[in-house]
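These protein sequence lines map, in sequence, to chains E and F.
Start counting the first sequence at 1; every next residue gets the next number (the numbering used here).
Start counting the second sequence at 1; every next residue gets the next number (the numbering used here).
Hints listed in this document are in silico derivations from the structure and should not be mistaken for laboratory results.
Don't take each hint at face value.
[To be verified] Capping the alpha-carbon separation at 30 Å, the derived lysine-lysine pairs in DSS-like fashion look like this:
#1 E:LYS239 <-> F:LYS9
#2 F:LYS91 <-> F:LYS9
#3 E:LYS176 <-> F:LYS9
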Amino acid sequence: MLPMLQIGPLNIQTGGLILVLAAWLGMTLSEKLGKNSRVSPNLTSDAIIWSIGGGIVFARLGFSLASPNVLFQNPLTLFSLNTYQLDLFSGLVGFFLTTAIFSSQKAVPFRLLLDAQTPFFICAAVGFALSTMASGDVYGAPVSLPWAVSLWGISRHPVQIYDLLFICLAGYFLLKSLSFLNDGILRGGQFPFLIAALAIDQIITSPFRGDPGITTLAGVRLQQIAAWIILATVLLFLKYWEQPVQSDYEVS
Amino acid sequence: MISSIPHWKWISLAILSLAAVWIALSTILIPLPSPSTTSGPQIGLLAPSIDLSSLKNDQYNLAQVKGKVVLINFFASWCPPCKAEMPAMQKVNSAYQTSGLQIYAITNLQQDNLPDIQNFIDASGAQFPILLDHDGAVFREYAIHALPTTFLIDSTGHIQKIFYGGPLTEGLLATEIDRLLKGR
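Isolated chain E, as found in the complex:
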């Protein structure tokens, strides 16, 4: 675990640094590979920048709505640089809402824009997994496996490594398919494929986690149920999502 990174006199949160690097790498890859989704690199990077902005605004608003005391005590905290005052779920809603508005403004189909952004999402997912590994927020349950890792004095399941490997594998397959399959099987289905892969990852790895991030109800892990519903939705609606790309949609 390396929650803080000391560079000279500076102490930087490792998780935050990893996320920033992942976002930069993701944007670069999206610009490079996005053209295979028939969206120009400039449009792709503009969409990502606007969506990140929208995500941050929503993350702060979501936190403020959930914790109004913070806002009432000092309204200026709305503009604070404190990353603890961000709500992840609201941020994701803000990101996709902004992408939807951007796609409508630029007359580019939403699904094509999401496909063009998929390399960014892959890097973000890998960055998030690395970030939680560095901060120690996700860790395995105590086990006596030969391949267990020793954390805080006891052997724990290396679930965070499983998680990272699964996402890297799914991401690698997607990126490879993007780079050489111009009319490949993932045309129009890149984003849903990634969501399905992330859902499968959650279904498989959640039971091995020992951190308090796992929510249970009546003996069932809610993360697994939520992931199964997401997976079912993606598989059910995939054929509606994957439609032939019209040349009219091409943006240069």
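The hints should help you fit chain F onto chain E, whose structure is shown.
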């Protein structure tokens, strides 16, 4: 396109069925996570024990405050964000002390000195125990790499929140403390 793969409907059903079987098996065979019985400087684990003396030479430890929500603030007198967040600490101390909150502020004497600490307390008006880590052992136990670092510990002794850096605001602290006090 994926959905045009032959028998896609059946492949989808097979994937969903396998996932459902794994959910059922893992629910039955793999125990749900239980509150940790081991200590460590991480959310979900028991807070490492402390046994330190204060500036007034009183002895403090976590066992004394069992059943209370505990806020441990690691600071140094020379650290500007530590100084900036002390008024917020004192305000939540005044507001929640009677509701079951205990605040300990800890400084490492290997990188601080008594006159500066006393000046720091006088300037900040802190009325909660200021504890002295003479050899840095508690700083090492809590893996303190940055100042300030603040731990929020629930009434069962488990770490629920870690704030790296500061200054923390009164509103943010009050929100998190409220949540823990309600969960007691």
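Quiz item: Taking each numbered hint in turn, which are not upheld by the structure, reported in ascending numerical order?
Solution: When the structure is compared with the hints, only number 2 turns out to be violated.
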